[in-house]
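Position chain A against the provided structure of chain L, taking the given hints into account.
2 protein chains.
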Amino acid sequence: MARPAAAMIVIGDEILSGRTRDANMHHLAGVLAAAGIDLREVRVVADVKQQIVVAVNALRGAYDHVFTSGGIGPTHDDITAESVAEAFGVAAGIREDALDALAAHYPNGRDDLNESRLRMARVPEGARLIKNPVSGAPGFSVENVHVMAGVPKIFNAMVAGLVPELNGGPPIMSENVRINLPEGDVAETLCGVAEAYPELSLGSYPFVTPSGFGTNMVVRGDAGDQVAAAAQALRVAFGIAQ
Amino acid sequence: MARPAAAMIVIGDEILSGRTRDANMHHLAGVLAAAGIDLREVRVVADVKQQIVVAVNALRGAYDHVFTSGGIGPTHDDITAESVAEAFGVAAGIREDALDALAAHYPNGRDDLNESRLRMARVPEGARLIKNPVSGAPGFSVENVHVMAGVPKIFNAMVAGLVPELNGGPPIMSENVRINLPEGDVAETLCGVAEAYPELSLGSYPFVTPSGFGTNMVVRGDAGDQVAAAAQALRVAFGIAQ
Numbered sequence: 001m002a003r004p005a006a007a008m009i010v011i012g013d014e015i016l017s018g019r020t021r022d023a024n025m026h027h028l029a030g031v032l033a034a035a036g037i038d039l040r041e042v043r044v045v046a047d048v049k050q051q052i053v054v055a056v057n058a059l060r061g062a063y064d065h066v067f068t069s070g071g072i073g074p075t076h077d078d079i080t081a082e083s084v085a086e087a088f089g090v091a092a093g094i095r096e097d098a099l100d101a102l103a104a105h106y107p108n109g110r111d112d113l114n115e116s117r118l119r120m121a122r123v124p125e126g127a128r129l130i131k132n133p134v135s136g137a138p139g140f141s142v143e144n145v146h147v148m149a150g151v152p153k154i155f156n157a158m159v160a161g162l163v164p165e166l167n168g169g170p171p172i173m174s175e176n177v178r179i180n181l182p183e184g185d186v187a188e189t190l191c192g193v194a195e196a197y198p199e200l201s202l203g204s205y206p207f208v209t210p211s212g213f214g215t216n217m218v219v220r221g222d223a224g225d226q227v228a229a230a231a232q233a234l235r236v237a238f239g240i241a242q
Numbered sequence: 001m002a003r004p005a006a007a008m009i010v011i012g013d014e015i016l017s018g019r020t021r022d023a024n025m026h027h028l029a030g031v032l033a034a035a036g037i038d039l040r041e042v043r044v045v046a047d048v049k050q051q052i053v054v055a056v057n058a059l060r061g062a063y064d065h066v067f068t069s070g071g072i073g074p075t076h077d078d079i080t081a082e083s084v085a086e087a088f089g090v091a092a093g094i095r096e097d098a099l100d101a102l103a104a105h106y107p108n109g110r111d112d113l114n115e116s117r118l119r120m121a122r123v124p125e126g127a128r129l130i131k132n133p134v135s136g137a138p139g140f141s142v143e144n145v146h147v148m149a150g151v152p153k154i155f156n157a158m159v160a161g162l163v164p165e166l167n168g169g170p171p172i173m174s175e176n177v178r179i180n181l182p183e184g185d186v187a188e189t190l191c192g193v194a195e196a197y198p199e200l201s202l203g204s205y206p207f208v209t210p211s212g213f214g215t216n217m218v219v220r221g222d223a224g225d226q227v228a229a230a231a232q233a234l235r236v237a238f239g240i241a242q
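These protein sequences, in sequence, are chains L and A. Numbered by the numbering used here, the letters in the first sequence go through residues 1 to 242 in order. Numbered by the numbering used here, the letters in the second sequence go through residues 1 to 242 in order.
Keep in mind the hints are simulated off the structure, nothing from the lab. The structure displayed is predicted, hence computed values, not measured ones. Certain hints may be false.
Simulated coverage check for chain L against chain A, where a stretch passes if three residues somewhere in it have a Cβ under 8 Å from a Cβ of chain A [stated by the list, open to error]:
#: 1; segment: 40 to 49
#: 2; segment: 73 to 87
#: 3; segment: 182 to 189
#: 4; segment: 196 to 210
C-beta: ideal position from N, C-alpha, C; glycine also.
Okay, chain L solo, but in the shape it has when bound:
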């Protein structure tokens, strides 16, 4: 029941400056959970080569997979391809198959590829291309590092093509028990159920509504029957058994 471990690197000044609210992390987290791949860590870094290199090298050795988002477009601030190449100690260059993938999305093919667009066909040596059905410019994988676009529509399409090709584990089972009590009133009972099911992970997530505090109690684990039993134990304890 081993589940591969993964990390993500979100590359982009626009996230750190508050201009844009990242959407790719949440999307990837959901896809990986369904595929049985554990997302363990995310780093958001600026469009700065050294920061990208450090993050790639810190994470690619620590996790089975690293997914990146952003910085593979045609402009001067798109530096992910050369940064990933540097992290692996290889060169980046324009490759014929990447050019073909890109050119196929323009009416006049390669004739439409100006110098800026040609940047989008640069990939590190030894990379495998990731398809981009939206705008052609491919992503790529180098060993266990998967490099994708930042535009959510393109990121999602790349993820949809890539993730099914990775070997995942069993999907993580989960159940949510929602209750209109503050976390401080459910903590002791929750802790008791957590101790009774040591193989499961029980979390509590408080919320605030106009009518008061409430808590979502989330049970997660490998075995669906155990997850169901623990969730039912919580419902019984709080008098909301179905």
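This is chain A only, laid out in the frame that chain L set:
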């Protein structure tokens, strides 16, 4: 015009599992930009003590401020206080002023504080409290690490109290020029303007709409007049001058 540099640590399995979409990073990024504090890096880590300790110690030496979000509630999976204490090599314990802040939010004061709730008054030795006007349970700062709640309404309230007390730099000025052209058609001009204004940061952020591709070109920098001039240069170059 020195601007302090900051990092953030988002603590929470629920973000990494895809259950919850984080909102605190985007909120903090906007508040810090307005306060003249540069957010340079964000890490999202699981509710695992060792991960929190490693992230706190990696970032607190590298940046002027570190802000954390999540894991300071009353349940067994709320381990941020002891993790931050461990990162600093100090003990964590229940403190009278934290108890007072917490008790003030319950109808019967301290009599309402069961064992679980008492956990919310535990802070590392030497910490300064951060006010929580929503639910009482305080956040805290240890040296340059500011520890806040994960519930967005509470996180935002704590940020509102904390950030004005930090010494920021001048706010970063920015202008956005939106154009209905794909990034590959604006890259060369954008790069030329970037070279003409070496003190500014020019970024481009492509988007996809049903009617085609477009690009937001964002000019950022310290000097408002330079930012305005560069933005105008872009508008003139693309024939959309106002």
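Verification of the hints:
Here's how the segment 40 to 49 of chain L fares: 8 of its residues keep a CB closer than 8 Å to some CB of chain A, so the rule of at least three is met and the hint holds. Residues of the segment 73 to 87 of chain L with a Cβ under 8 Å from some Cβ of chain A number 5, which satisfies the need for three, so the listed coverage holds. Counting residues of the segment 182 to 189 of chain L whose CB lies closer than 8 Å to any CB of chain A gives 7, so the stated coverage by that chain holds, three being the minimum. Chain A is given as covering the segment 196 to 210 of chain L, and this holds because 8 residues of the stretch bring a CB closer than 8 Å to a CB of that chain, at least three being needed.
The earlier numbered hints are all upheld by this structure, with none contradicted.
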